[in-house]
Amino acid sequence: MNVQETKFSSKEFLRRRRPEKFSDSTIRETGTLDRVVLEHFLSTLNTRNQELQFENFAKKICEKIICPNLLEQTGPVAGGDGKTDTQTFPVSEQNKLLWFEGVNEASNKERWAFAVSTRKDWKKKCHEDVLKIKETERGYTRVFCVTNQSAKSNIRSEVEDTLKTKTGIDVRILDINWLLDQIYKNHFEQLVIDSLSVPTQYKREVIFGENDYKKHKKYEELTEYIREKINPAEISYKQVDVFLEIAELSAELEKPLIETQGLFERAIKISKKFGTNQQLLDAYYQYAWKSHFWMEDFNLFEENLQLAYESIASSTNSSKWEKVLNLVTVHKSYIRLNNATSTIDIENIERNMLAKLDEIADDDSRPSNALTARTHKAIYKLTTFSDVEDASVVFEELHEIFKNSGNLIGYPFEKNFQLLNELDDIFFDVDAYENLLDYMTEQSAVRGGEVKGALLNLRRGIKRLQNGHPYQAIKYLGKSFIPLYKEESRDKFILALKAIAYAYESIGLLWSSRSCLLLSASLITDNFWKYDEISLKQAEIYYSLCLTEIKLGKLAHALLWYELFLIINENISDSSFGDKENQQVDFYISQLILNTDLKGINRQSNIPDELDRLGLFVSSGCLKYALGYIEDFEREYEVTADKDHNDFLQKIRDFDAGFNSKGIKDNHDKRGVHTSFIFGCTIEINFPNRSPFIEFSTNVLSLLEGAFATCTIDNIHLKEAFLIIEVIADDDDDLSLSHEINSNSGKLNLTINCAGFDASDFRIEAQQKITNEFKKLVFDLLPELFFIKNTEYIEKMIFEDAAFDRAISFGACIKSIENVLGNDIDQQIKKIYSTSAEKKTYPLLRDKSWDSEFPKVLEIEDIKAPTPGKGRMPEEELNSENITHKDYSIQSLIKPRLWDRTRWQGVGFAQFKSCYPGLYLLFKHPDIGEDIFKDLISSVGLVDSKARLRVCIVKGISVKNPTHYRVLISENMMTTPLTKRMTMISRINTMTPDSNVNLERFLAAYQACGKFYLGCDAMLKNIVPEHPQRDSLGIEMSTFDVRWAWEIGLNDVDCIGVNLKEDDPYIPSDVAEIPLLQLINSK
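Mind the numbering: the sequence shown is residues 26 to 1108 in the working numbering, read in order.
Don't take each hint at face value.
To be verified - Once the Cα atoms are required to be at most 27 Å apart in a straight line, the calculated DSS-like pairs of lysine-lysine come out as: (1) LYS1036 x LYS1046; (2) LYS145 x LYS210; (3) LYS228 x LYS85.
Calculated directly from the structure, the hints in this document are not laboratory data.
Whenever a hint applies, use it, and build me the whole structure from the sequences.
Here's what the structure looks like:
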């Protein structure tokens, strides 16, 4: 570099702007140590018999400047008896890494000799010493002759060349001038005073300022940590940061340049050997930055700028290129201000840097990364303008960029705001800059307020969770999502995701829990992609995902997460994970395997070696046993597969681990199936078994679980027991998403049509399309799935409690899992299940399941036939917070959406020859009524042998009209699996005949034969009364209930048959206890 004239001080410029980054200590010097006086003192050492002291001083200074691995002299007099005054000793490459003084690339491997002399005839003494050293034949490759005499440079060079020719050894002569240069340049004054007892009053004292005191204390702590705690052969990636931190502290404390430079060079070497690419970039960047602004060494700055650029030349990460861009900006400013000439090809670096930023900015599949690259380029343009008014176009571009950054958690809004705020001194007169700053100031305040409010909801949500109120927790945590979805609150958002994932799992919503964990994992993994950083948080989240996948039955996915967990865990020094976690995963997978049916086990023939590879030996053994490799199992695990062993496996299979393991659910067919269960409604989704439809289907389930998670405490109740979802893949190239609902069949069907998914990279526009369609889907499903008595409840759930925010915005993000596991998950799964030369295949040997003789029996509580309770329901029974979604059930025989298509107008009675009497429901649209009964017959058959259907007639509903009665059609709760909460669905019709003759005739006929037919009016058209066909008369039933209204009490299942607002029930005067009165009084 050729510098014409240097007036501008980079160090003073930055010191004014960032004084806290520079030393605030003061140096107090008393007395003097003049160079001329010291030179005279050194040159006359032999007259005072200080040869041994000089030898000691020479060794110390050589250790600091040349190499630190010098042996102590143990001879009786100067020179000892080893022909050298000192020499190097071998040092391992690992130990050499910790050196930062006197670092020389070869000194730890080669033998170097040092000869120290105070003789006046230094040339003769130098010849004698080198020849003696040569005669030792110890293989010295270099000799340093240190003298306290002055040696002219031409004479010194001549002597060095002559000796090299004679001996073949590289000889270096270090005279008094070299010693004085090192003393004053590196502040070794105290070293020479102490070593040589220099008679002087000179004293140099450092008085630490407040900042320096803290920094110096930290510096000493890190120095001690390196000395005591770090093994140079096994430096962890986290320990690598310590070496850069201590180098930065040295610069900021303004320690001697030789020390600071040595510390930075050590940090770079250690980063190369043990660190990540980001750590190496950080080391180059900090060394360049400190070289320019602290050491004011532009050549060193350029050297490290070049190395920083080369270390990330192929990177597509905008945060890494930001560092190079900063250095290039500083470089060009220095060249311009100082009229200097660059020694590196800065134009080439700048050209390639801008081209790479263009490439990154065009990649919309990573929107935060792309927008950040656009920001870097725009800000860099500001350095190219000579007139500040020309910068308006850049500020307008930045204004648009910041407007588009609102929903991107990876965009550093606050950081860029602070950066642009620093430019106020330059651009304060530019209107576009003022407009941009006004907008950003307003947004910063809004964002800060949003985060503050969100943190309150986050704290309340966590508190609710800790107190056992998961549904309330989900509401509060969900409200915090959007406001926390910012770069500055990333950690809090991740915390909210983890907390709500736990809440979802605690109420049985595993797909929503998995989705939140995936997004959390993706955000945590961003730090790896941006900064090559691995952390305990990664290990924790990958482990949690592994367990969640096991609970969902997704074995292959669980193994992928577990392997990633192991990789991360091995590379973090502060991990608390160990054998306990391995044993837990091993047990869960063993239980999963032992609960898998024979068909599922047959597909696991290539899995045992995969389990062994991951250290899951119990799981591997259980799988081999389930496959039928009993002898292999006995030999490997040294057990006998007898009854006791089977009993042990049964205990593993049936153990209550907090979730109901239903076996391996990995999909192997062309179409896959996943299931969920929301408040008694079974949701089944089938989809093309390939990416991206696999993750899309899980996101649909997550969406529905998240949106409807808190319905029970919102007074919104489901009415559908089943929802069947089919995902159809269209071949269109353009991405589109649509859905249609078919409510005419027995089960509610939802078809989702996906076009362009195979070719889509799901950039932000595509994700927005999916989000919008998901909103429509939820709104369309609401009236189909739920009883909606009051729209206020729906509005509160969706808008006030932010059900969409917690479900849709993140359920639509298909990229989460790819960001962690890669975009070839399909191939990774196939590899796990495929055969290969590295692993053994275990074809199924069994023809029946390992536990066929002792199948699993689900434990069902011993619940007697339910009886109505007395009085109001206790408050603890009304509390929904301790009930999971699986504790609910919905009666499925009566389907409101089918019945709502027409109107049930009445009933008719029929009597047939040689047949049971008939009760027929009369519909406004007989064809629809026929569809209703076809659905009923498909569920219970033509003969309701299990008495699933129930018909009840309630009499005495009106004193004035004693012939009036009410007909109830429902599902018999006595035949329904009992759960803690049940949604009972009935159809009710009030009959107002003038006479009860027909009813009494029917009842008499039923009582005579004990059976009757239940049908609809459409069936009567096809019946020939003289010769009726039994299979066309309707559903044959054996039970028929007739009750008086006054018999129905407060908690009676038939209380829906009494309308207290309209009825005037008959109450007998001769009965002491009237249950109906309790029901009336409760209202």
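* Asked: Does the structure break any of the earlier hints, and which numbers would those be?
  -> The structure conflicts with no hint, since it agrees with every one listed earlier.
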